[in-house]
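Peer 1: The whole structure should be built from the sequences, with the hints applied where relevant.
2 protein chains.
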Amino acid sequence: YRQLLWERSRTVVTLTVIAVTIGCIAGFLQIFTETLVNWKTGHCARNWLLNKSFCCSVIETSPNNSKRLYDFKLTKRDELDCLDEGLWINWSGYITPFPIFLILSVSFSLISTLLVKYVAPMATGSGITEIKVWVTGFKYKDEFLNAITLFVKSIALPLAISSGLSIGKEGPSVHYAACVGYTVANWLLRDVLTFSQQSEYLIAASGAGVAVAFGAPIGGVLFGLEEIAASSEFNASTLWKSYYVALVAVATLKWINPFRNGMIVLFNVTYDKYWTKGEIPVFIFLGIFGGLYGKYISKWNIYYVHLRRKYLTKWPVQEVIILTIFTAFISYFNEFLKLDMTESMGILFHECAKGDDISAFGHRLCQLDKTSNVGSFIQIISSLLFATIVRSLLVVISYGASVPAGIFVPSMAVGATFGRAISLFVERFISGPGVITPGTYAFLGAAATLSGITNLTITVVVIMFELTGAFIYIIPTMMVVAITRLVLNHEGIKGGIADQMVFVNGFPYLEYEKEDLFMKEFSAGSIMTTNLKFLYETMNLAELKDFLYSGDGLKLKGFPVINESDRLEPTKRCVGYVLKKHILARLLSPEMDFSNPEMITVSLMSSSKASQIMLEGDDILDFSDIVNSSPIFIKKNVPATLLFRMFKQLGCKTILVEESGVLEGLITRKDLLRFQRIKHREVFGPINQSNK
Amino acid sequence: YRQLLWERSRTVVTLTVIAVTIGCIAGFLQIFTETLVNWKTGHCARNWLLNKSFCCSVIETSPNNSKRLYDFKLTKRDELDCLDEGLWINWSGYITPFPIFLILSVSFSLISTLLVKYVAPMATGSGITEIKVWVTGFKYKDEFLNAITLFVKSIALPLAISSGLSIGKEGPSVHYAACVGYTVANWLLRDVLTFSQQSEYLIAASGAGVAVAFGAPIGGVLFGLEEIAASSEFNASTLWKSYYVALVAVATLKWINPFRNGMIVLFNVTYDKYWTKGEIPVFIFLGIFGGLYGKYISKWNIYYVHLRRKYLTKWPVQEVIILTIFTAFISYFNEFLKLDMTESMGILFHECAKGDDISAFGHRLCQLDKTSNVGSFIQIISSLLFATIVRSLLVVISYGASVPAGIFVPSMAVGATFGRAISLFVERFISGPGVITPGTYAFLGAAATLSGITNLTITVVVIMFELTGAFIYIIPTMMVVAITRLVLNHEGIKGGIADQMVFVNGFPYLEYEKEDLFMKEFSAGSIMTTNLKFLYETMNLAELKDFLYSGDGLKLKGFPVINESDRLEPTKRCVGYVLKKHILARLLSPEMDFSNPEMITVSLMSSSKASQIMLEGDDILDFSDIVNSSPIFIKKNVPATLLFRMFKQLGCKTILVEESGVLEGLITRKDLLRFQRIKHREVFGPINQSNK
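Listed in order, the protein sequences are those of chains A and U.
Numbering-wise, the working numbering puts 1156 at position 261 of the first sequence, and it's gapless, one number per residue.
Numbering-wise, the working numbering puts 1141 at position 246 of the second sequence, and it's gapless, one number per residue.
Each statement offered as a hint is correct.
Put simply, identical chains are the same to the list, so a pair is met inside one copy or across any two.
Distance condition first, Cα-Cα at most 30 Å in a straight line; then the derived DSS-like pairs of lysine-lysine:
hint	residue 1	residue 2
1	Lys1543	Lys1389
2	Lys1452	Lys1543
3	Lys1172	Lys1149
4	Lys1565	Lys1543
5	Lys1565	Lys1531
6	Lys1531	Lys1475
7	Lys1531	Lys1476
8	Lys1475	Lys1036
None of these hints come from the bench; they were simulated from the model.
Peer 2: Right under this line is the structure:
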């Protein structure tokens, strides 16, 4: 009965365990990052270890159970109170702050990169690309998703972020969430998990990673669908799993309450002014900016990755250190670069409220509306444009360095500063003050660059809303994202930076692209491997072992099984297909200890000869249960396009080629991809130079 | 050059035309419905034809371009002003109002059902089921998506809704949108459109239908994905098409501005109180209610559909009239049933503001918070529960009547009244006044019932947010929907009412369900048709015509093409597959006018014999371009599970069965489904009784 209960509930239990773990890690990450970041600027008076939120939260004295929302909206005010009351002390003096800032930044990034280098090299970078490849059916290295990588990524990520590098946490969040999904699913469902089920758990967990990184449960689910599962099968069952995991993970995070303000919406802006039709040209302009940003940043980043591989492979740690020092020097002296990226976006998105000069949101940006001083206008707009350009360049050289690093948040920050600069222009030269809502331009700019770098549409729109709650701007947001996408399509960019990295890293990835017209003329006959190694329906155990442990038997992963009566014929009829790992598993099992292998017959199919031997009383091993007796056969004239669809959509790894019942060849996924790459190179030249 | 431009832009142009058309129809529908509904209660003083919004909008005197949002929030106040100023006159007196109400209701529904009966019978009901079946690969009748159905559905839907029946507009909106997509795509892309591309346009248009019905662009896209495309392939290109169409359609609708308030958000509530952990049990309770609602309402509705087929088939018009009268009598005397469903939901969702006794939202519900009079408490709660029960029953008997009818909005209305009743209970007996936000319970109840009846998760959550903008309730909403789904899963309900209708209507629908374990033991050999009709590589034209126009040739849709040299052999080797419609298209083309068909040879494959005849100078027709020379072959032992996947995921219609190169049989999608249905019946008994 217990068994039955477990069988009925194990899916839900597994999903819950995955989700709660992801939520807890996200909470830890949030608090740890904030602590490290806060240390760079000050310390808590009563306890060095506390970060600002925890340190200041004593003054929140609201015994009323039903806190009204405006309690939370004023957190930034609380922060100023907190400083005034002496609970939190900022580093002060003319000289001290910057050295402390610099030293802490460098030590954080140093620890981070050393952890990555010596403990888990797989924890570097974003990880989205690898997971995408994994769920399409190519298992990447096992270490990529194991517990050590999970641990290192969870520690090294906060360190890397708080070192001030221009990197985000969402890519790595996807990676650690996928690690959790993989580890937990393999542990709880080890006996029943198939590869495609495993992919479902990975997709669901990856989505939850985005969900907790942004506090955006629906955005996370859609990310899993639009980005991770784009090239694999996405069905209703995956959707429901993603939904459930994202919900529980975000609920857990909310329960942990890492920001100490009860909110999971990161920015919570309330735009109370509606947009007008006259603003549409500006929206289009922002969309175009997003598209161009996406195109050039990913191009330059890939170029820089090639440079790094050529010149910097031997000095990953030194590269990170120099990058940190460089970033710290540039950032410290620009008000938008110095702040934490999310904090600076919070300020940029915020609508200037009348008479709100004292809260932290009452930034100089807002006062600009009133005093039309040309000097301060030029100063602030150049500061914004400087931040835009420098941040873009920092993204190019930071993404891919040897620390855990994402590219979403920095891209959004670039878009936000650019959009805010545009809003100042528009307000001064076109609309006049008080007509537009400047914060919305920053918001739309962030949506455009995020969409440009990822090439996602609906996911970006939903994430932006979940970040801010600014629902009345739904049409402008969708419009900006659509324009960005159209620009990318027009420029011929397929896929976001994660997709482009697939090619840069030379991963196998199954996607028949429509522009690969050169593949149309080829059919199975020209792609297949003809140099085949077979097994026969019945084999001598010694003969089988010899075959498996020598020559091609060592290299290949599976073998066609040939009709017994064709052993001596030149034409072979194939009756099944068997994977080497299954045979080895049988041969290595403890009860397989035979002193005299020559005398034992292995029967791979339940054929007449096998039953005859059985009748004669000889020793026989029945392996017919591990042979796939109905593999997929095609004919030689099947076109390559259909091959792509069969591999992708039937999820098979090997297809046998037959003509008139006679086995002619065999095609694996990798055969097909290798063929495609070779032809691609013949047509377009080497991949590296074509920036694919 | 013009040709090139058209080729590059035709996808975007087609999508834009589809979207703008959908937006315009939606705008017309909105205004027309409102006019009809308003006529039932009053008329405009200066022009009988105007509806309330248009009639009253003269008093909107805001020359300021940047309307602030609170202008719109007070529309309901404006309405009262409008009455006071005498612009709009309600029917008054003791007797007059009800007869006018009744007579108009009956005439609206009469016109609607007559239009459906005599002009376009396909315009009845919802249409979601048929579209779902269509996009999985079974083309339903052509009339289902043609221009006449589109026209009738667009006229009959507003009439049916304003007759007061418990029906919604989203299902029919999906249908008319799909009609637009089908008609426009077939017109603009007639020469290049394949079936699977057509499906993409249908999915995108269907999504836009929901988007304009609810003013929810993202919800629409997700609906297309989660409901319409659930069983077919959903790829990145469909997602982008859906996104674009939904955006443009909603932008068009917004530009038309049918509500005259500049909003597309239907309800726009602003909950400023956060939820507390203590409310979670109530959320769970609402989720369970949603699940049970979904289970029983669809069960009873299907039962009622069977009853209707048995007893009422001959009197569809009479049924609709009686239903209208019955509904009018019941609804007129309950304050929640009398109102338009969206209007009543607006009131139920709304948060009671302090001191807001004069606006239309200052309903008696709000005053109840202050005066704890037991009598009025009992009166209002029984009114709410009465509305819940009666509306549920009305849904059961209305959905499926012979008018265009959706089930989403009525279901939401049921959930809203129920949730609001619960909120009154909680406020009075558990929490005490001022702790909970009663409107949110109505909101969550609506989410639960909508999810229960459709079995959708993420779509429902997103639609609810787009309807209201109440983002801070994201976790409770997701929780309620998840509970509803878990309840449905636990009860063994697969799919929403649209899926269940597939079985009720006996549509072919390709889905291998996991519980159909009985299919596991069957393989291709037992499913295939062995009674085959062939064509040969070269045939005499007269012989071919005889074959096509007689006996089985008339019935079948496609034929295997057999190797010429096997003409007299018992074993036939198949070299291709040809569809009858392609041969007929060739034979019926004008240049095919031969006086002497006996002398002409038709060559179906470019074989040696064909070239030999060509050399001899005889007349030959080359048909080899219409023959699929690489159809999909399988062996007899391929299991049924793989067959399901091949049909579904490769999108093929026919699979040939071969053994050792010899053709043995043929399986079509319908063969497989027929086999499944028969076996299902053998195992579980007749489908009707098992309520599948």
